[in-house]
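Residue numbers (our numbering), protein chains in the order written: chain E, 670 to 1145; chain W, 670 to 1145; chain C, 670 to 1145; chain Z, 670 to 1145.
Check the hints yourself; a few may be wrong.
Copies of the same chain look alike in the list, so a pair counts if it works inside one copy or between any two.
To be verified - List time: in silico BS3-like cross-link candidates among lysine-lysine, alpha-carbon distance up to 25 angstroms:
hint	residue 1	residue 2
1	K799	K1015
2	K703	K1144
3	K819	K984
4	K757	K1144
5	K783	K1012
6	K799	K788
7	K757	K1012
8	K984	K873
These aren't lab readings, by the way, just hints derived from the structure by calculation.
Number of protein chains: 4
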Amino acid sequence: MITSQQYLDRIAKMRPNIYVDGEVIGRDHPLVLKASQIIQSTFDLAEDPEYSKWLKTTSHISGQEISRFTHIHQSVEDLLLKQEMTRKLCNRSGGCVYRCMGCDAMNALSVTTKNIDLKYGTDYHDRFLKYLAYFQENDLVGCAAQTDAKGNRSLRPAEQPDPDAYLHVVERRADGVVVRGAKLHNTMAPYADEIIALPTRALKKNEGDYAIAFAIPADTEGIYLIGRKAFSQSREEGLEAPYTKLGSIESFTVFDNVFIPNERIFLDGQTEFGSELAMLFALYHRHSYCGCKPGVGDVMYGLTALLADYNGVEKTSHTREKLAEIASVVELVFAAGVAASVKSRKAPSGTQIPNSIYCNVGRRHAGHNVYHEYDILCDIAGGLPATLPLSKEYNSPVVGDFVRKYTKRREGVSAENQYRAYNMASDILNGDVGAALLVAGVHGGGSPIMEDIAILGTYDTEGKKKLARYLAGIKE
Amino acid sequence: MITSQQYLDRIAKMRPNIYVDGEVIGRDHPLVLKASQIIQSTFDLAEDPEYSKWLKTTSHISGQEISRFTHIHQSVEDLLLKQEMTRKLCNRSGGCVYRCMGCDAMNALSVTTKNIDLKYGTDYHDRFLKYLAYFQENDLVGCAAQTDAKGNRSLRPAEQPDPDAYLHVVERRADGVVVRGAKLHNTMAPYADEIIALPTRALKKNEGDYAIAFAIPADTEGIYLIGRKAFSQSREEGLEAPYTKLGSIESFTVFDNVFIPNERIFLDGQTEFGSELAMLFALYHRHSYCGCKPGVGDVMYGLTALLADYNGVEKTSHTREKLAEIASVVELVFAAGVAASVKSRKAPSGTQIPNSIYCNVGRRHAGHNVYHEYDILCDIAGGLPATLPLSKEYNSPVVGDFVRKYTKRREGVSAENQYRAYNMASDILNGDVGAALLVAGVHGGGSPIMEDIAILGTYDTEGKKKLARYLAGIKE
Amino acid sequence: MITSQQYLDRIAKMRPNIYVDGEVIGRDHPLVLKASQIIQSTFDLAEDPEYSKWLKTTSHISGQEISRFTHIHQSVEDLLLKQEMTRKLCNRSGGCVYRCMGCDAMNALSVTTKNIDLKYGTDYHDRFLKYLAYFQENDLVGCAAQTDAKGNRSLRPAEQPDPDAYLHVVERRADGVVVRGAKLHNTMAPYADEIIALPTRALKKNEGDYAIAFAIPADTEGIYLIGRKAFSQSREEGLEAPYTKLGSIESFTVFDNVFIPNERIFLDGQTEFGSELAMLFALYHRHSYCGCKPGVGDVMYGLTALLADYNGVEKTSHTREKLAEIASVVELVFAAGVAASVKSRKAPSGTQIPNSIYCNVGRRHAGHNVYHEYDILCDIAGGLPATLPLSKEYNSPVVGDFVRKYTKRREGVSAENQYRAYNMASDILNGDVGAALLVAGVHGGGSPIMEDIAILGTYDTEGKKKLARYLAGIKE
Amino acid sequence: MITSQQYLDRIAKMRPNIYVDGEVIGRDHPLVLKASQIIQSTFDLAEDPEYSKWLKTTSHISGQEISRFTHIHQSVEDLLLKQEMTRKLCNRSGGCVYRCMGCDAMNALSVTTKNIDLKYGTDYHDRFLKYLAYFQENDLVGCAAQTDAKGNRSLRPAEQPDPDAYLHVVERRADGVVVRGAKLHNTMAPYADEIIALPTRALKKNEGDYAIAFAIPADTEGIYLIGRKAFSQSREEGLEAPYTKLGSIESFTVFDNVFIPNERIFLDGQTEFGSELAMLFALYHRHSYCGCKPGVGDVMYGLTALLADYNGVEKTSHTREKLAEIASVVELVFAAGVAASVKSRKAPSGTQIPNSIYCNVGRRHAGHNVYHEYDILCDIAGGLPATLPLSKEYNSPVVGDFVRKYTKRREGVSAENQYRAYNMASDILNGDVGAALLVAGVHGGGSPIMEDIAILGTYDTEGKKKLARYLAGIKE
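For reference, chain E alone in the conformation it holds in the complex:
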C-alpha cells in the first residue's frame, strides 16, 4: 500500500493528455491536485485507526495487506464491509468517494474472465489474475469506462451510421488490438492510473468487435481526456471547509486508435459475455450505491437537521416529517445493500456476487429520491442558499458586518457558524458539485429505467403468477 504522496508522484509522471479550460494539462497541475483530494484521502485514511478496519484487507492471491479498493470480494462479510466503507467515506467527503468504480470493474472482470475460460478454454482469467496482482501491489486507482457515445439510441451498435458510436476493435494484431470510440461520464479519469473499459450493453452475435474489455494506463497514446470541472465556489481564506474539498474533473474519454496489448485484454469477441460483464459491473456498482447514497444521505439529513436547529424549528412537525422521509430513504437503500450482501452467491471464480434484485431495488429507490432529498433540504433551508452573499462580501469591511448581523438565527449560534452551514447548503443546492452529484444520483450506475429492466429481467414473475393462479383456483 502506498501513500497519497506516492500516488501524486506517480501520476505526475504521466503524459499530459487532459484537455480542460482550453489547455492540455498534466497530473501535476493544481487543478488535478485539487480534484484528486478525495482520492488522496483513500490512501491517507487507510492509516487512520478510525478507518483502517474498512480500508485495509488481505489479498486472497498474495496474502499481502492491500487496500479494499483493490480487493476481490470473497465472502458475505467482504460485501458488507465494502458497503460500510463506502458509507463511512462518503460521510467524510460529503459526496462521492470516486474510487469504487475501479474496484467494481475489477470484481466484475474477476467473475467473467473465469466464466469465459470455462466455456471457451481461453486464458482470460490468468491474464486478469496477473493484472490483479500488479493492481494490488501498486495500490492502483482504476477508472471504469463503460458508457459509450451511443449515437442514435434507437439503433444497435452495429447499425449506427458512425461505427465508432460504440467503442470497438478496428484492427487485430498478433500482440494486441487497436480500438476506437469514446466513453462518456468518466468521473476521475484524469487522475486515475488506469482506465478499465467495459461494454455498455447486451450485444448480438454479429457485434463481436464491440465485445471488448481491457485495462490500460490513462495516458496511453491515443487517449484524450476531455475534462469538465465541478468544484464548489471558491471561498476566501478563513472560510474554507472540508466540504469544499469535494469536486472532480469529469472526462469525455476518447480512444483514437489505441493499441491494447494482449495481456491487458479481458474479453474479445464473446458477445454473450459482453452482456454479462456489462450487467456485472452495473451490479457491483449498484451495490456500491447502496453504500454511498446512504453516506451522502446522512450528510443531507445532518445538514437539514442542523439548519432546522439553527433556525429554531427542529422540533416542528413539518421538519420532523421531512427528516423521517430522508432517514427512510437512506436506511431502505442501505438495507437493500445489506440484503444483497446476505443473499449473495459465489461465482466459479470464487468472487462473491451480490444479489441482483436487492442491489437494483436499492439503487432504484436512491435514484428515484435524489431530487426529492434536495427538495427537502431546499424546503427546510429556505431561500438563503441561493442568495447568500459570498465570502468576499462576508469579509468586506463595508458590508461584512451586515452579512453577519442578518444571517444570525437563534441565540447560541455564532454568525460564522450559521453562515458556514448556509454556505454548505449553497454549495449543494446552488453549486457545481451539488449539481454534478444530483445528475450522478440519477444516472450513475444506471439510470432509473435500467433498474426496472434489471429487476424484471431476473424477478420470478412466473412464480408469482403461479401463486395468483393457485389462490384464484386456476388449474393449468
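Go by the hints and put chains W, C and Z onto chain E.
The following block gives chains W, C and Z in isolation, referenced to the frame of chain E:
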C-alpha cells in the same frame, strides 16, 4: 404440537362470548370455523414438508419441537426464519396469516419481564417463563390486544373524562387485579385461545394503573368480543377458490371488570416499562410486517402480471413499469426486515431484538405504499373487478353464456380462468377482505406517523449533525 | 320536466330484463327503487330553490324549460353551470350523481352527427334533433354504453377471434340494423330509460361495422342487463343516513341481435367519426369529472376534518397537511374544469366543446389521486372504520352500551354522532359503494393512461420544441 | 413608456451601492448590463407586435398607454392578460421575467391603502395614487422587498434578541420615518429603480413599528445591495444562445437607518393591515406564478421533447409518460390561474383581487413539482449535461472534432445543434441560473407550507364538515 382439529375442538369448548350479527355465538359456530381457516392452516402446514422447515422449531426452554408461532427468537437466524415463514404463509393465504401477533407479544414480554426484574427484583420473568412453557406445550393461539379506545386523543390516559378510555386496573386483590376498558382492532380474537393485553403508549409516573400487561383465556368472565366479519363475497359451488378462505372476524374487545390472577400478570405499575413493552411489541410486529407485506405483495404482483398476461398486455412498457414498482416496494420492505435481523441485538433475557430503524423504515414504506399497490392492480385490471357479474349470473342458464363469452380475453385462456382471475381481483379491490387488509396495511403494527416517531426517536440525529458540522468547518 | 314518481312509474312498465342475484327482475323491484334514489333526486331537486338554478334551463330547440341533464351546452356559461351542478349534486349524494353520462353522450352526438352530415350530406343531425326533442320533452334518463368487451387487447376490433368482442352491425335491413356485442361497466343501465351506445375507440377503414352509434330503450328485445349491486352495508332502523342512499347496480350489458330502427341510428360506417365520437364523449365525460370529483372530494375533506375534530386532533400539523393535500387535489381538478369551460370552442352544430387539454389534465389529476384521498381518510380515521361494530351490535341490549362507551371521543360529541361519522367512513373505506367509486375514480371517463394519450395527442409539442430551439440558439 | 436604453441611462445615474465580487459597483457596470437583459426586454418587446397586446394597456388613472407591469388590474380580463403575458415572456426568457414583483406589490398596495383609509380615515390611498401616477408615467421598475432576516424563527418580531431581525421604524419625524433591518432574496434589486418594502407576516398589536410599507429609490442613502450573481457558464463566441441572457444578481438588501419621507409611506402602524398587505402581495405573486411556472414548464417540456427527439427516443412510452407528466403540471398550474382570475373579486379600491384558493393550489402544485420537473429533464437527457465539454473544448483544434463526433445522435441533426441542446440542458441542470430558478421555484412567492397555511386559512372547512354531517345523518 397439535392438529387443526385439536385446536378447533379446544376452542369449541370455550364460553360463547362473541357478539356478531345481533347474536352471541360460540367457537363451534360456522362463522368461526370459516374465519379461522388460515389459523387452522398454521397447524396443518407444520406437517407439510414444504413448510415444516419454517413452521417447526425447538423450544429453548423445553427442548421440545414447537411451532415457531410460539417460539422466543434466540438468534439472527430465528429472526430471518420467522420473516421468511411469514412471507411464505402470506403467499399461500393471499393476505394475513393472523397468528403472528401472539408470537410478537410473547417475544416482547420475554424481554420486558426480564428487564423489570433486573431493575426492581420482581419475578415477572419467572411467571412469564411458566406461562411460555404452557403456551408452547399446548400450541396456543394468542391474540395481542394493544390499541385502547383512547377517547380524546389530545388527552393523556389519566386526563380522560372517562377513565376507562384506556384499559386499567380498577381493583387490586391479593390474588390478582381487576381491569376495565376496551381494546380495539383485535383481528382473530374470536378464535384465539388467549388474549395478551399490552399497554398502547408511553405512560407517565402517575399512570401506574394503565401500566398493565397480562394474558388470559379469551372467554374469561367479563370479556365481550364484539365482532365484525370480513369475508369475500360468497360464490356458488364450483367457483370457489383458495383465496376465498381468507377472511376474519375483527373484535372490539371489552374488558368489563375482568379478574386477572397474579400468575398471568406480566407488568403492573412500572410505567417506564409500559412504554418499553408497547414499543417492543410494535417493533416485533413491524418486523413481522417486513415478512407479511412482501408476502401479500408477491400475490398482488402475481395477479397484476396474470391479468396483464390474460389481456395480452404483459409486455407493454406501461405494465412493466407498474410491475417494477410493486417489485421494488416488496423487496425494499423485505430487505429492511433482513437488515433488521442481521443488525439485531440480544436482550438480557436472551431474546433477539430486531433493529428498530430497519423495522420501522420497512413498515413505513409498506404502509405508505399499500393504497398505491391497490391502485396499480386497479389500473392494470381495468374496471371489470367492480362490475364483474357474480357467480349466480356466471352459472345462469339464461345469461351465463354471455358472461363467459364477454369476459374472454386472449386465445389460450379459458373463460373460466379469466373469470376466476377477475373474481380474485374483485375480492381484493371491491370486497370486504381486500378492504380490511388495506386498512390493516396502513394501521396494523402502527400507523405511518408512528413509524416517523419511532425512527426519529432512535435515529442518530446528533451524529449526523456532527458530520454536517465537520464538513461545513464548524467548530463547537 | 317530470317528477321522480313519474320517472318510477315509467320505468316500472318496462320489460323485465335485469339479471341479478340469480333472478330476472323488473324496474318495480325494491332493488331498483333503492339503487335509483340518486337518479330520483335529480328530478326532486329541480324543484328545490337551492338547486333549481343549476338543474333547470331552457331548451335551445324548443324554448321550453328542461332539465340540464337533457341540455345541449350552448355557451361557456352552460359548461360552467353544468360543472357546478355536478359538484353540488355530488356534495349531496356523497358520490356519483349517475345521470351525467347520458347528458355527455347526447352532447357528443350533437356535435358528431352534424360533422358527418357536413362531410357526407347525410341526415344524422336531423335524426338526432328529433330524438333530442323527445329526450328533452320526456325528461329521459340516458345511459351511455361505451366500453366494449374488447377480447384480446393487443388486437384491433376486426382482428379478434370472436367478432363480437366489439359491438357491431351483423345485419342491415331497409328499416334499420341488427347489432351484437356487449358493453361493460354501465352504471345505472338497469334504471335508465334509454341506452345510448357509442364506439369505444379509433377505427380503421375496414372496421365500418364497428362504427355504430344509436339510442334505444333499455328493455328492447335482445338486451340483457347483467347486474351487480353495490350498496352500503344495511343498517338497523334509526341509524340510517343520507349517505346510505348512495349505491348502484352496475350492468354488463349484452346486445344479442338487437334491432335498431333507422331513426335511432346516429353513426353507421363512417369510421373516422367513430373515433371523433368516442373522443368527444370521453371529453364531455372528463369535463363532468372536473365537477364530480371535486364534489366527492369536498365530502372526503369534510369527513376527514370531522373525524379529526371528533378525535381532538384537527389542529395538528399532520392533519392540516393532509387536509391541504385533499383541498389541493379538489380545487386543481375543479380549476381545470373552469379553464376547460373558459377556453372552450363552438362546434358547427352550435354545441360548446370544452378544451381538451384542461379536461384531460383535470381528469388525470383526479384519477391519479383517488386512492391517495382514500389513503388520507384512512390515515386520519385510524383503524376503526374496518373494525367498527355494526348497527345490530350498536343496538344490542347486551353490548350496545359498550359500543357507545368506547367509540366516544372528545367531550361535546355524542357517542351516536361519533358512531355515525365512523360508520360513514366505514362505508367509504370498507364498503361496496366506496370501493365501486374508487374503481370508477380510476377508470370512469377513461383510465389514467388514456388521459396521457389524449394530452400528447393534442398538445403543441412542436411549438414547445420550437421555444427550446430558439433559446438554445438552434436554427433549423 | 420608455425604451430599454432610457431605462439603462436612468439607472446608470444612480448612486453606486451594489456590493458584489468584493467591489462596490454602479448600474453602468457590465455585470448590471448583463443581469438586466430580461428586464430590458420588457421595454423592447412592448413595441413588438407579437407581444404588445399583452405588454401595453391603458392606465385607469391617466388614460395613458402604459406598461402592464405598472398597471393596477381592473377586471377579470386584466388578470387573464397578466397571466398570459407572464407565460409568454417566460417562454421567451426560459426562466423568470423578473419584473412582476413590482407590479404585484403595487396591486397589493392599491387595495390595502384604500382599506386602511376606510377604517381609519387616513390618506394612504391618495399618497399611493400619486406615487402610482409617477410610477406609470416613468415606466418604473419596482423590486418588492418582503422577506425579513427573521432571526430565530420560533420567535415573533417583537421577541427577537436583535430587534432589527425584522425591518422596523426606529425613529419618527415630522416629515417621515427612519427604518432599519434587512430584506433578503431580492432578485433584481440592483437594477430596479425603486424598492417597495412590505411586511412579511401577520403582526400583533404591539408590533406596530414592524407594520411599515413604503417605496423608495434603490440608491437611497443607507441602502446596501449585497449582491450574488447567477449566470450561465460563459461560452466562447459563436456558441452563445438566447438562453444565456437569463441570469440575475440577487440582493441581500440592508436598510441601515434609511429615511422614508411621508409621501412614500403606505402603511405605518396599523398592524392588522400589515398582515393583509403581506397576504395580498403573496396572493398577487402566486397569481403571477400561475403564469410564469407554466411558461418555464413549456420550455422544460420543449427541451425534454427535443432531446428525446435528437436521441431517437421521442416515441417511447417511457418518454411519453414523462412528457405527459410535465404537461399536466404546466396546465394544472395555468388552469388554477385562470380559475383564480375568473373567480376574482373587486376590492373597494376597484382593484381586481384573484381568488385566493386557486392561486394557492396553483402555486403549491408548481412548488411541489419543480424538483420533479428537473428530475424528468435529467432522466431523459442522460448524464451528458453534467459532463458535456465546454465551448473551449468544442472549439479546440485538437479535441473539438472529437467533441462533435461523439455528441452526435441521430442522423439529420447536426453536431452543433445537438451540442447546443445539451448545453442548454447543462445550464439548467448544472448551472447557476438553473439552480437559482429551482430554489425560487420552491420558495418564490411563498414556500410550499405557506400555501398550505393560506389554503386552510380561507377554505370553507366548516361548510365541508357540514356536508359530511348531513350525509352521516348527524344532527347538531
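### Task
Pop the pair K799 and K788 into one bin, within, between, both or neither, using alpha-carbon distances up to 25 angstroms.
within (20 angstroms within a copy, 61 angstroms between copies)
### K757 and K1144: within-copy, between-copy, both or neither at 25 angstroms Cα
Classified as between; 20 angstroms across copies, 52 angstroms inside a copy.
### Query
From the Cα coordinates, with 25 angstroms as the cut-off, is the pair K783 and K1012 best called within, between, both, or neither?
Only inside one copy: K783 and K1012 sit 22 angstroms apart there, 34 angstroms across copies, limit 25 angstroms.
### Message
For K757 and K1012, with the copy left unspecified, which applies at a CA distance of at most 25 angstroms: within, between, both, or neither?
### Response
Intra 22 angstroms, inter 17 angstroms, cutoff 25 angstroms: intra and inter.
### Message
For K984 and K873, with the copy left unspecified, which applies at a CA distance of at most 25 angstroms: within, between, both, or neither?
### Response
Close across copies (21 angstroms), not inside one copy (57 angstroms); limit 25 angstroms.
#### Entry: Up to 25 angstroms CA-CA - K1144 versus K703, copy category
between (66 angstroms within a copy, 24 angstroms between copies)
### Message
Treating 25 angstroms as the Cα threshold, decide for K819 and K984: within, between, both or neither.
### Response
Between copies, since 18 angstroms is at most 25 angstroms while 50 angstroms is not.
### Query
Is the C-alpha distance from K799 to K1015 at most 25 angstroms within one copy, between copies, in both cases, or in neither?
within (21 angstroms within a copy, 45 angstroms between copies)
Violated hints: none; the structure is consistent with every hint.
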